[in-house]
Amino acid sequence: MAGFKSRGLGPWRVGVLFSRSGCTAVIEQTQLWATLLALEEINRSGGVNGREIVPVVYDPMSDPATFASYAKRLMVEDGVTAIFGCYTSSSRKAVIPVVERLNGLLWYPTPYEGFEFSPNVIYTGPAPNQNSVALCRFLMERYGKRFCLIGSDYVYPRESNRIMRELVRANGGEICGETYVSLRARHRDFVPVLSEIKRLRPDVIFSTVVGDSTSCLYQAYHDAGFDPRVIPIGSLTTTEAEVAAMGADVAEGHITAASYFESVRTDQNSSFVRKYKKRYGEDEPTNMCAEAAYFQVHIFAKALAHTDSLDTDLLRPAVLGTEFDAPQGTVSVSETYAHTDLWTRIGRVDSHGRFEILEQSCGQVDADPYLIGSGRVLACG
Amino acid sequence: MMPSTEGSSRAEFAKFDAVVAMRRDEDAEFLIRELQHTRAQVRHVWPLPDRLPEDTDVVFCGLEPGLPGRIPWVPGEPKAALVVVLASGIMPDLDLLVNSAPDAVLYRPITRNGVLVSLVLARNHFAYDRRLRWRINKLDESLRGMRAVERAKQILMHTRQMGEEEAYRFMRGQAMKRRAPISAIAATIIDSHEMLS
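Read top to bottom, the protein sequences are chains R and S.
Mapped onto the working numbering, the consecutive letters of the first sequence carry residue numbers 15 to 395.
Mapped onto the working numbering, the consecutive letters of the second sequence carry residue numbers 1152 to 1348.
Think of the hints as simulated: they come from the structure by calculation, not from any bench.
Each residue gets a CB set at the ideal place from its N, CA and C atoms; glycine is no exception.
One or more of the hints may lead you astray.
Here are the computed lysine-lysine pairs in the DSBU-like style, where the Cα-Cα straight-line distance is at most 30 Å [unchecked claim]:
#1 S/1289 x S/1304
#2 R/316 x R/107
#3 R/316 x R/292
#4 S/1230 x S/1166
#5 R/289 x R/316
#6 R/107 x S/1230
#7 S/1304 x S/1328
#8 R/159 x S/1304
#9 R/107 x S/1289
Reference listing, derived: stretches of chain S covered by chain R, where coverage requires no fewer than 3 residues with Cβ under 8 Å from a Cβ of chain R [said to hold, decoys possible]:
#10 1224-1235
#11 1243-1256
#12 1290-1301
Now the stretches of chain R that chain S is said to cover, found in silico as 3 or more residues with beta-carbon under 8 Å [said to hold, decoys possible]:
#13 90-99
#14 112-126
#15 178-192
Let the hints inform the model, and build the full structure from the sequences given.
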C-alpha cells in the first residue's frame, strides 16, 4: 500500500451498503467486491489528492428497513456523505429519504424501472429505455409476439412489467399471462407457474424474478422440459452471477439485455476482469451490476479529485456531465437526471455459462428514465 | 411584544399531543405548563428513552449526544415535529444539530414567547415538508397516469374510431360518472382491450 502524504487531514470516508446475507446477497456480494476493488485500485495509486479512501461497510441483509437505518447510521454517526449501495428498488426507495434529508449522495449501480429522479442519487445502471426496449424488440423479432410475464412480487418487477406490457402491446404483441411469486420463492413454487405457462404456449417468457429464486425459476423451467431455443426466458437482471448459481446447463440459450457482459471486448474490460478474478478467484465472473459498482467509484474519485471535498453540493455538479472509459465502453453521467448514458447489449448464455453478445448499440444510449422520447414503437436499429 | 395566546392560535393547538423528553428541571416544568396552556396533551418522558415516542405531534428534547439514534424514524420520513432545546451562550454541536433534523429550536431559559415561536415554527415546517413529499408522490403517480391515458386514448381512437378530443372527453366523462381518477379509467380501458384482443 502506498504511503499517504499526511496533510493533517484524515482519509476520505465513504459508506458501502450491499447485502452479504438475505435473498439478494449473491448479486450484491459482487457489487460489494467490485466497489472494494475500485477503492483498492485508487488507494494503491495514491488515493485522491494524497488521501486514502476508507470504506465504512455494513451488511443490510437484503432488508429495506435495515438499509434505511444503516444509511442513517453512516450519515449521522460515521459522518459519511457518499454512499455506494442498493440493489433492489425497495432498498433504494428506503435509503432515498435519508440521503435527501441529510443531503448525502447515493451511488446506485443497478438496472431499475425508471420513473424516478432524486437530487441526491447518481444512477449508474440502465433505465428501461436502455434495456427493456432493445430486449422487447429482439424477442419479438426472433421468437414471436406472445409474452408471458413472471416476476418477484415487489416494486421493480411490477413496474418493469408495466413498461414491457406497453412496449409489447404498442408493437402488435400480446401478453398472455402475468404472475408474481415471493422474493423467497423456491423450486416448488415455480412448478405450477410453469405448467400454466405450458398451457398458455407463449413465444417468450419475460422474467423479472430476482435474487436466489432466479435459479429456482430456470431450474424448474429446465425440469419442465421447455426448450430455450423455442421459448427462451428473457431477463434484465439474470447476470453471470445468477448463471453461475443455477449452472450453465440450465442457463444455456436464455437471453439477457444488459449494458455489460463479462465477454465485452474492450481493453478496460480485460483489465477489470483480470483484476477481479485475481482478487476474488478465477471462478468468479464479473457481471453488469459489479461493473457499474466498479466504474461508479472511479467516476466518484475523479470528481472528488476535482472538488477536494465530499460536500454533496460541490461533488454532485462535478459528477454531472463527466465521461469515463468503463469496462462496457465510454459512459457519461447525464446532466438532466443524473442517470448514466450506457451501452445496450443482448446476450445469450452459451454452454460454458458465458454470454455470447448477439447485438449491441453503436454507442452510448442516452438515459431517458421517464421514457419521454422512447419506449412506444420500437424503432429498429 | 407578547404574541397573543388568545383566540385562534390557542384553538389551533387544542388537539395537539406533545412529548417533553427533558430532565424535570425548572425549564422543563415551565415548558410543560406552557404547552398545557395551549391545551396540548403533554407527556413527560425521562430518562431519555432509547426510542423516543413517535405517536405524537411534536417532541421537545435536549440536544443530547446520540440523539439521532434515539429518534425512531429515519431522516426524511419524520413521524412528528421535533423541537431541540438548546442552552444559551454555548455553541451547540452543529453536526449533531443538523443530523437530528429538527423543525425548530428553543433556547433556555425557556420563555413563553420561545415556546410559542418554536411550536408554531416546528408544526408549520413539519406540515409543509409533509405537503411537499405528498406532492412529489402525486407527481410521480401523475406521470405514470399520463402514460396510461395516452395509451388508452390510442386504443379508443383505433377501436372506436374516435378523434383525439373525443377520446379524452369519453375518459373524462367516464371518470366523472364513476367518480374515479381518469388514470384508473385509462387503466381499465387498457386492461379490457388486452383481454379482448
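For each hint, the structure was consulted:
Under the criterion of a C-alpha separation no larger than 30 Å, the hint pairing residue 1289 of chain S with residue 1304 of chain S is consistent with the structure, at around 22 Å. The straight-line distance between the Cα atoms of residue 316 of chain R and residue 107 of chain R is roughly 27 Å, inside the 30 Å bound, and the hint therefore holds. Taken as a hint, the residue 316 of chain R and residue 292 of chain R pair is honoured in the structure, with Cα atoms around 25 Å apart against an allowance of 30 Å. Among the hinted pairs, residue 1230 of chain S with residue 1166 of chain S is consistent with the structure: their alpha-carbon atoms are about 17 Å apart, no more than 30 Å.
Of the supplied pair hints, the one linking residue 289 of chain R and residue 316 of chain R holds, its CA atoms being roughly 20 Å apart against a limit of 30 Å. Distance check on the hinted pair: residue 107 of chain R and residue 1230 of chain S sit about 17 Å apart at the alpha-carbon level, within 30 Å; holds. About 18 Å separates the Cα atoms of residue 1304 of chain S and residue 1328 of chain S, which keeps this hinted pair within 30 Å; it holds. Under the criterion of a C-alpha separation no larger than 30 Å, the hint pairing residue 159 of chain R with residue 1304 of chain S is consistent with the structure, at around 23 Å.
Annotation: proposed proximity of residue 107 of chain R to residue 1289 of chain S holds, straight-line Cα distance about 16 Å (limit 30 Å). Counting residues of the region 1224-1235 of chain S whose beta-carbon sits less than 8 Å from any beta-carbon of chain R gives 4, enough to reach three: the coverage restraint holds. Remark: the region 1243-1256 of chain S is confirmed as covered by chain R, as 4 of its residues place a Cβ nearer than 8 Å to a Cβ of that chain, reaching the required three. Here's how the region 1290-1301 of chain S fares: 4 of its residues keep a CB closer than 8 Å to some CB of chain R, so the rule of at least three is met and the hint holds.
A stretch counts as covered by a chain when three or more of its residues have a beta carbon under 8 Å from one of that chain; for the region 90-99 of chain R and chain S the count is 3, and the coverage holds. Given a C-beta distance limit of less than 8 Å, the hint that chain S covers the region 112-126 of chain R holds, as 5 residues qualify and 3 suffice. Three residues within the 8 Å Cβ limit are the bar, and the region 178-192 of chain R against chain S gives 6, so the coverage statement holds.
Against the hints set out earlier in the document, no violation occurs for any number.
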